[in-house]
Every structure is written in structure tokens, then in C-alpha cells.
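Asks: Use the sequences and the hints to build the structure in full.
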Amino acid sequence: MTALATAASTLIPAADGYPAGGDDDVLRRLVSNTSAEVRDAVAAIEAGNGDLVALRRTHPEVVDIFAGALVNAYYGTPAVQARIGYSGPVPQPAEAESQELNELIAPVLVRGPIHRRPPQPDVARGGTP
Amino acid sequence: MSTDVLIVGAGPAGVTAAGRLSAAGVRVTCLEQGDWHQPGDGAAGTAVEASSNPNRRRSPADVPIDDSESDIAPLMWNGVGGSSITYAAQWTRHLPADFRVRTLDGVADDWPFTYEELEPYYERVERQFGVSGHPGDPAYPATNAPPLPAADIRASGRKIAKAHNELGWHWWPGANAIATRRYQGRGPCTQLGLCRWICPVQAKTTVDVTHWPEAMRSGTQLVTGARAQSIELDSRGRATGVVYTDRSGEEHFHEASVVMLAGNGIGTSRLLLLSGIANSSGLVGRRLMMHPYATVAGIFDEQLESWQGVWGQLITSLQFYESDPSRGFVRGAKWGLAPTGPPEASVSPYPWGYGEIWGQDFHHQVGRRFGHSAVWGIVGEDLPSEDNCVELHPDRTDATGRSIPKIRYRTSENTDRLLAFHTRKAEESLRAAGATDLVVGPLLRESGWHLLGTAKMGDDPATSVVDGWGRSHDVPNLFIVDGSVFPTSAGMNPTATVAAFSLRSAEHLLRERLNQDVPA
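These protein sequence lines are chains Y and F, in that order. When the letters of the first sequence are read in order and numbered with our numbering, they come out as residues 1 to 129. When the letters of the second sequence are read in order and numbered with our numbering, they come out as residues 1 to 520.
Honestly, I wouldn't trust all of these hints.
[As the list claims (entries may be wrong)] On the chain Y side, residues computed to face chain F include the following (Cβ under 10 Å):
| no. | residue |
| --- | --- |
| 1 | Leu11 |
| 2 | Ala44 |
| 3 | Gly48 |
[Stated by the list, open to error] Below 25 Å or equal to it, Euclidean Cα-Cα: the simulated SDA-like pairs (lysine to any residue) are:
| no. | chain 1 | residue 1 | chain 2 | residue 2 |
| --- | --- | --- | --- | --- |
| 4 | F | Lys162 | Y | Pro60 |
| 5 | F | Lys162 | Y | Pro113 |
| 6 | F | Lys162 | F | Glu322 |
| 7 | F | Lys162 | Y | Leu101 |
| 8 | F | Lys162 | Y | Glu95 |
| 9 | F | Lys162 | Y | Ala36 |
| 10 | F | Lys162 | Y | Asp25 |
| 11 | F | Lys162 | Y | Val110 |
| 12 | F | Lys162 | Y | Gly112 |
| 13 | F | Lys162 | F | Arg186 |
[Unchecked claim] Derived list of chain Y stretches under chain F, where covered just means 3 residues or more per stretch with a C-beta under 8 Å from a C-beta of chain F:
| no. | stretch |
| --- | --- |
| 14 | 70-80 |
| 15 | 85-93 |
| 16 | 109-121 |
None of these hints come from the bench; they were simulated from the model. Small disclaimer: the values here were computed from a predicted structure and weren't measured. Glycine residues also receive a C-beta, built at the ideal position from the N, C-alpha and C atoms.
Replies: See below:
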């Protein structure tokens, strides 16, 4: 197993029908990330032989960047999407249903205004701006 | 090259002023250090790849920021549209009390104008931005309805709304610069939950799409890849224009009768400090406020499909916004309820904090969170302190050899108490709504979306940088129209107030243009 696969599978192990983070498809997506900071993080992981514990001691931000990129790659793979049952959001009308809203907000309206009313500047300090 | 008004920064503040001025026949040019946003350049594509942090993004448009002595990392988008490209489009006006903090609470400063004076401008920019919301919120004075109806508050919003009704706490459908109906040729929103990254149907208002085309049709000239480096003055102390560098590093001078800054609380103050002007008060760069931000996520047993919905804010609560001396701190915070996004967002520091979920428990934890959660985002009011500041870095420079900004920022004891109180109350809210597990992000480091206060406005030149119209006390043809001028931060997302203030300042300039003091 490569250093990258070791590190990725340490963070995301295979379990419950989910592939590991070190799965080939995940790693292909990970290394295709063009972000400079992700490329740097991947290089640091490889240079450190995938020892995340040691790297976290010295460069915790590098591990965070690597982990963030890994999880993006992971949930972009068809196998993981099939396992979790999610391949993206579905378009739905956005407008709230007004009758339902009006019923829900009725108690808020009953309680009345809650903002403070400051004195106007001419009262408070003798002149308007 | 010369122009009547030269604006620095092409975000919401800059384009709001540019559009109004050019529509009135004023010759306007805008310098923008970035470029037009293109899908794939860091604010689009796979959700968590996007970064609002210029130090992480490292694009050619980004100047590095030394934030090593800051509790919060500043965030922004440098390009046409400014940070509207990556903001959540939560649309919150300030409350009347936010303009009268000194009078009401004995801290910080009053603003040099009132809510009532800004209110007509709020209404106008809400039409420009295509704001959706529900009229009649009793947390605000009576006002006209936003132009579009509120978005679906979704299952999580309904649960928490009912809980707040039981608790007797305020809540209200969220207002967002997100078009819930087709509006001015874009949208409507389809609840894809991608608002923080890119909206495929352009329902989220990003001003590169909603404002810039019209401003350019009105005659505004937009120069991209143009990094402002200094504002030049004549012998009478009037601004004569701006020196900028283009993409190749070549310097240019653009002459102007009026210079207007809209580069956010870091970019604007850095430019003033590099120029060595407008700082007789000594307050340029001081009083940086970034809205300490905490989250409380609730995990529910029920399927909530919480990857969908405006993001944005589904609902808000201002129950604990106003000061209450019994709480042991002054001022308060706004809460905005958001979805929690796709599975890859179930492990991100926003909104889940920095707790470790990696390893053997990973799939179980993600399975609990994904689709089953909602998060209160808590925007705490940040009181101004002159110790929190933007400075010119003593050692580090950008590619042109000019000092990069260094920020010093520490949260205060008031902030610590405020966030502790609000996170406890948000936990109470979510538990009452039926959450079976809670995850608290007590103070997120990468949360400096709101960069405020570094060129304070006020009536007294000794204690402020600009007047109530954004005009420099020292340089009469220099204006600042971004959040730098905020005397206090309020606990609200600032875009509504930034845009309203910019429009108000632009119209003041139009009214007074015959009396405008310009270079000889």
C-alpha cells in the first residue's frame, strides 16, 4: 500500500460496505485536485510515508487540508454514493407555503415587538447628524 | 486616463455606488484586483473545495494576509462581485438599537445616523438584490415587505419554529438575497443547498451577475486585474487619482475627481496605510471587527433531507439579540438556521467544529449527521477595540514589493461570555426541537467573513476617519463606502447595511456634486 493510501485509509477505513479512503478511485480523484495547497499536502503526506500522527504533531494544518480534500474525493466516487444512497440534491420549488408560515408565526406575532426603540439623536444629544 | 469617480473594489459596496452614479451620468471607473469569476476557479465545483480564505486559495488576485496573531482568519473573495461570490446571502438589516449603542448600552459609539435615515435605502437595495423574506417581523420596526416571498423553511425550520413557539422565543422565516421566484431574469431557487459555493440557477444574488452588467450598460468602466497601490494627493491635500498595477506588474495612474474605496475592512485600510493619508485620527486600520462566530448543530433521528434548502438562513432568531445586563455581557447575537449540506460537508469545521471524527467511527458519525441535522450559526456582536487592527507588515511584501497586511485580533472577555451564553441557548433551542445529539463549534477560526470598522465614521475628525456620508475628514474628495466605516459591528450579516450605506453615500455625492471639493 502506498503512503497516500495508508494515510487515506487511516482517516476513512473500510467498514459497513463502504470502501476505504485508500481505494484507487478515491485516490485518483484526490491526486487530480488542482489546488496548490492540496498538492502540497499530498506531497507532504507522501514525504512522511503516510504517518499522520507525526505530521499532525508538526504540521496539523497539512493534515486538515489533506483530510478535507480526501473527503471531497471520497464522496465523489460512484461506489460511495451508491452505498450512502446520495448522488446530489434534487431541484425543488423554493417558495414557502404561505398559509403554513402564517399559522406558524402567529404566536410570534401575538408576543408583539421585541426591538428597543432608541431615543432620536435630537433628544439624546441635542442635534441631528 | 481620467474619470469623475474612481472606485476601488468591485463587490457589493463598489457596484452599488457605481451603478447609481453612472446612471446619473457621472463618469465612473472601477479598479478590481481580481477577475470575473469562472466556474472551477475555487468558488465552484465540489462543495468543500471552495475556500474563502485568500491564504489558502492563493490566486493571483490574492494578497497574502499575516493572520498569525489573530483568533479569526479573515475571509473574502477578490474578484468582480467581491465576497458576494462566496457569501451565504443572509440578508439582515441592523436594528434601530444597533445605531445607538453608546446611548443605549454605554459602550462603543453611536452611528452618525439612525436606522430611520437608512431605512429607505435598505428598501431600495432589497429590490436591487432580489431579497426574499416574510413581512411583519416583530423584531423590527414596521417596514415594507421584501420583494420576494420567503423560502421554504424545511423540516428542520418547522421543528425549531414549533419549539420556539413553545419556549416563547422569537423566530422568523429567514431573509436572504436569494430569489424564490424568477426575478430580473434569474432563478428561481431550487433548494439545491449550494449557495455557499455556486448557484446553478443564479438565484443567489452575486453582484457580478445582478449588478455589474447594468452598471456597465450605464457607462461604468471596469478594469480587472488592477491592484490599487496608492492614492495620490495634490499640494492642497485633494486626491488626484490612484496608482495601480496591472497583471503584468506595470504601474498606471488613473486620474479622478473623486476617489471612492470599497475594498473591505482589510483592503481599504491597507491602501490608506500604504498611501499614508486620511489618518489624522490615527484610526485607520484600528477597531477591526470580524464577528466572532459559533455554531451549534443538532442531530435528529428523523430524516430531514438537510442537504437541501437555501443556505442562506432557513429561519432566524433575535430572541437574545438585544442587551440584557443580567447576562453578564453587553450586546447580543443573531442566530441563523442553515442546512448542513452534502456528506462531504458533514466533517468540515463549519459547522461541525474541530472535533475529530476520523478513523473507525467515521462512517457512523457521518451517517448520523448527513441528512439528519441543522445548525444554528451565531453571529456575535464584536465590540471595537483599537488593539484589534490591520497594519502594514514590517517584513513581508507582495509581488510588487508593497507591505502585505498583518492583522492583530483577539476576542474579548465580553465576546467569550456572549458566545458561551448564546451557544447554551442554541443548545436549548435544538433540544426542545427534538435533537438527540448536539455538536458545538464554540468559535470558528475560519469565520472572518465580515471585515468591519477599520475606517470608523463619525462626526468628530479627532475620533473618526470619515463622516456620516463616508467622506474622509482629511481628504474631502475621498470616500469610503464599505464596511470599514462601521463604528460598531452589530450582530448582523453586514451586506444589507453596506449596500444601503453605499447607495446613500452615492446619492449624497450626487446631491452635493456642485459643491464637491476636487483637485484644482
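Asks: Indicate, hint by hint, whether the structure satisfies it.
Replies: We went through each hint and held it up to the structure:
1. Leu11: It holds, given that the least Cβ distance between Leu11 (chain Y) and chain F is near 4 Å, below 10 Å.
2. Ala44: Since the shortest Cβ distance to chain F is 15 Å, the answer is violated.
3. Gly48: 16 Å, violated
4. F:Lys162 with Y:Pro60: 42 Å, violated
5. F:Lys162 with Y:Pro113: Holds, because 19 Å separates the two Cα atoms, which is no more than 25 Å.
6. F:Lys162 with F:Glu322: Within the cut-off at roughly 22 Å; holds.
7. F:Lys162 with Y:Leu101: Distance ~11 Å between Lys162 (chain F) and Leu101 (chain Y) Cα, so the pair holds.
8. F:Lys162 with Y:Glu95: 20 Å, holds
9. F:Lys162 with Y:Ala36: 46 Å, violated
10. F:Lys162 with Y:Asp25: Judged against 25 Å, a Cα distance of about 44 Å means the pair is violated.
11. F:Lys162 with Y:Val110: 14 Å, holds
12. F:Lys162 with Y:Gly112: 17 Å, holds
13. F:Lys162 with F:Arg186: The hint is violated at about 33 Å.
14. 70-80: holds (count 5)
15. 85-93: The restraint on the stretch 85-93 of chain Y holds, since 7 of its residues have a Cβ under 8 Å from chain F and three suffice.
16. 109-121: holds (count 12)
Comparing the model with each numbered hint stated earlier shows that hints 2, 3, 4, 9, 10, 13 do not hold.
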